[in-house]
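Single-letter residue listing:
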Amino acid sequence: MSKLWTRLASAPALVVVAVSTAIPLLAISIQHIASVDIFAVWQRPGVAEALFFSLWQGMLSTVLTLAFGLFPTWVLARYQFAGRSILVALVTVPFVLPTIAVGAAFLAVLPTSLHRTTWAILLAHIFFNISVVVRTVGPLWRSVDQGLIESAQTLGASPAQVYRHLLLPIARPAIISAGSLIFVMCFTSYGIIRILGGPGLATLDIEIYRRAVQLGDISGATVLGITQTFCIACAFAWWSRSQGAQFSKIGDRNSARALNRSSRIIVFLTAAAFTAPLGALIFSSLHTRDSWSLTGWKVLFGLQDIRGLDIDLPSSLATSLVYALAATAIAVPVGMAATAFARRHWIHTAVVLPLSTSPVVLGLAILITYDRAPFDFRSSRLLIPLVHAAIALPFVMRATIAIGNVIPSDLRHAAATLGASPWRRWLNIDLPLLRPALATGVAFSLAMSLGEFGATSFLTRRDSSTLPISIANLFSRAGDIPRSTGMAAATLLIFITGLLVVSVDRRSYS
Amino acid sequence: MSLSIRHLSFSYNERELLNNFSLEVASGQTMAIVGPSGSGKSTLLRLTAGLLVARQGEILINGINVSATPTHLRSVGLVFQDNQLFTHLNVFNNVAFGLKMAHQSRSAIAARCEELLNLVGLTEHSQQSVSTLSGGQAKRVALARALAPKPQVLLLDEPLTGLDDELHDRLATDLRQILQTSKTTALLVTHDLAEARTIADAITHIQ
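For the protein sequence lines, the chains are A and B, in the order given.
Each residue of the first sequence is one higher than the one before, starting from 1 at the first, in the working numbering.
Each residue of the second sequence is one higher than the one before, starting from 1001 at the first, in the working numbering.
Do not take every clue at face value.
Chain B is nowhere near these chain A residues, computed Cβ spacing over 10 Å in every case [unchecked claim]:
(1) ALA9
(2) ILE23
(3) LEU51
(4) THR118
(5) TRP119
(6) PRO139
(7) VAL267
(8) ALA272
(9) PHE274
(10) ASP305
(11) ALA329
(12) LEU355
(13) ALA402
(14) ARG462
Label-pair restraints from in silico Cβ distances [to be verified]:
(15) ASN1020(B) to LEU411(A): 51 to 57 Å
(16) THR1069(B) to ARG172(A): 30 to 36 Å
(17) LEU269(A) to SER1009(B): 36 to 42 Å
(18) ARG172(A) to GLY1038(B): 37 to 43 Å
(19) ASP1082(B) to ARG424(A): 42 to 48 Å
(20) ASP410(A) to GLU1014(B): 41 to 47 Å
(21) ILE1064(B) to SER503(A): 56 to 62 Å
(22) GLU1014(B) to ASN405(A): 38 to 44 Å
(23) SER1009(B) to ILE265(A): 28 to 34 Å
These aren't lab readings, by the way, just hints derived from the structure by calculation.
A quick note: this is a predicted structure, and the numbers were derived from the prediction, not measured.
All residues carry an ideal CB built from backbone N, CA and C; glycine is no exception.
Construct the complete structure from the given sequences, taking the supplied hints into account.
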């Protein structure tokens, strides 16, 4: 592939990242930081508290997710049983579910006394992030040779000692990697806290939104946004350092075993913990004032009007689907082209930039930067899909790289000797083999866009609200009908996202 | 510490691997079991270690029936055919592993490890990563690790397979000497009759 083609192929990905992330972040840094008294911002009411709360709830959520997540991870990695693939899907799909819908599910399942408490937030974070533990630590534990465990047993190690002295040290790099990613997710938690948080339970993202939208304190919000970006960059640096767990040093002689008593209990508890919030959500969507009712669903699909409820839900649903399709149409070809042709490491690093920034900060930066001439793009219908595409881009590229790296180069060489041009080689060799990556990229892009809430809450316009924005609006209203309508909308969003991910990416669950 | 295996039967996937097998190993003796691949030699060791459960029969160590005792409480050391060294630990910590499981003091662990590393000739390699060891060195670490907690019975599963001829012969002689020095009751399985004759006091054939 010529240098010109390589540059042309990676250019769209760089443009998407530059327009949606790099330029806005740079612009707000230059515009505000120099002109703001940073120390004064930290003394404003609620700011230091938000940072403190973000940090401690992020750390506690991480520790609890790891503590609870390692048990199902072990069972799913080492045991074979009927319904295993269903349990894998149940445990891993929540990570791509819309955060706002997960928040609604916990509102439905938890008793009222736990609403607006730290416990509710912690439980929702555990539910949401256990997938990271299963996907990161699971493959490593799956590859641990059974002989190593037997060896420890013959040396007198009890099951608990095998876990502590053998399995945990072996999985340490993967656990650190999972932990830093979970910390970033919880530290920047926004959708879940918008629904489940309360007085004194605001993260930096919530405080940024409050300052920018409710108080008009743009400079304060900017300072907080840059602080948060710095914290995330530190966590990501740690995350990337701990990548590359030691698969190569561990044998692969391992046969899946039948469940024993303790693993059966873990399977049952995990299945119960992951179905309860979803079951409660469906139940709440069909319930108003202590009786069964379809009102929430009727309002959602425009079959029933409620006086005073000025939220056009059918239109929000249509907007969400259009944005998701547009974001996917941008992210998948752009991401695949960048990885298939441009094998340069710096391009791959640049494209991860949107992930290392909180969507709320991204939304704020875009709002400020593109609100005036010559870059008055705020009214453009393309802006939100572009931001969604930028957030999905790293996932598309990661899936493509994972499969692209294992395609033997001799296949391309063989095609070349048979007269295939570089373009024909990509079309006839790479593309068919990359089909699973394409499916994963499509599933993730659709799911990311459908559930995106942080950036969209800044960029949405009254006539083009997405479904997550409408759900947040419904839960901010008092009354049974807005609540059951919110539950119905959250159920629909979870159903669509879950179905998309499981059907398109089903090979992961088999 | 004597080892008695009485009327042991075991089948896997409806295939009978051991049928009414019995064996006596006297205290401090090394017994070799020689037989072709698939004759159930390794299965016998795994049953003795408690890693598999027999369909019928019993295993007695020093007269006590351990058939229902979990592996980690059975006081049986096992040297695996492919060593199974813990790659996240160095040589010293591999040898110390069983002693740590028994909650021994640091000084006792250090003294015992030094003694065993000296016995297998690896004192200078104590801080080395096990991934960097040669085949012979790795085998010695596996042996020292299995001997460290002073097991009542030591089981050796094809311990010299995969080594070159010169190393094989040297290690067989060393192994004989180490077992005699440590006065451990040992059960060795191998397909190599010459190896069995070099290391063991008595030989039993299995078909």
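Hints versus structure:
1. No beta-carbon of chain B is positioned within 10 Å of the beta-carbon of ALA9(A); the least distance is around 40 Å.
2. Look at ILE23(A): its CB is around 45 Å from the nearest CB on chain B, clear of 10 Å, so calling it non-interface holds up.
3. A cut-off of 10 Å between C-beta atoms confirms that LEU51(A) is not in contact with chain B; the least separation is 36 Å.
4. The beta carbon of THR118(A) is kept farther than 10 Å from every beta carbon of chain B, the shortest such distance being approximately 36 Å.
5. Under the 10 Å C-beta cut-off, the non-interface status given to TRP119(A) relative to chain B holds; the minimum distance is some 36 Å.
6. Residue placement check: PRO139(A) keeps its beta carbon more than 10 Å from all beta carbons of chain B (closest about 17 Å).
7. Every CB of chain B is more than 10 Å from the CB of VAL267(A) (nearest about 23 Å), matching its label as outside the interface.
8. For ALA272(A), the shortest C-beta to C-beta distance to chain B comes to about 29 Å, beyond the 10 Å cut-off, and the non-interface label holds.
9. At the 10 Å boundary, the C-beta of PHE274(A) stays outside the reach of chain B, the nearest C-beta of that chain being 32 Å off.
10. Distance check for ASP305(A) against chain B: the nearest CB is about 64 Å away, which clears 10 Å, and the non-interface claim stands.
11. Every Cβ of chain B is farther than 10 Å from the Cβ of ALA329(A); the closest lies at roughly 46 Å, confirming the non-interface assignment.
12. At the 10 Å boundary, the C-beta of LEU355(A) stays outside the reach of chain B, the nearest C-beta of that chain being 30 Å off.
13. The Cβ of ALA402(A) lies farther than 10 Å from every Cβ of chain B, with a closest approach of about 25 Å, so its non-interface assignment holds.
14. At the 10 Å boundary, the C-beta of ARG462(A) stays outside the reach of chain B, the nearest C-beta of that chain being 57 Å off.
15. The supplied range of 51 to 57 Å is met by ASN1020(B) and LEU411(A), whose beta-carbon atoms lie about 56 Å from each other.
16. Between THR1069(B) and ARG172(A) the beta carbons are some 32 Å apart, a value that agrees with the proposed interval 30 to 36 Å.
17. Between LEU269(A) and SER1009(B), the C-beta spacing of about 38 Å keeps the proposed range 36 to 42 Å intact.
18. Separated by about 39 Å at the C-beta atoms, ARG172(A) and GLY1038(B) satisfy the suggested range of 37 to 43 Å.
19. As the Cβ distance of ASP1082(B) to ARG424(A) is approximately 46 Å, the hint placing it in 42 to 48 Å holds.
20. Judged by the Cβ atoms, the range 41 to 47 Å given for ASP410(A) and GLU1014(B) holds: they are separated by roughly 44 Å.
21. Distance hint check for ILE1064(B) and SER503(A): the Cβ-Cβ separation is about 58 Å, which falls inside the suggested range of 56 to 62 Å.
22. Between GLU1014(B) and ASN405(A) the CB atoms are about 43 Å apart, so this pair conforms to the stated range of 38 to 44 Å.
23. Between SER1009(B) and ILE265(A) the beta carbon distance is about 32 Å. The supplied range of 28 to 34 Å therefore holds.
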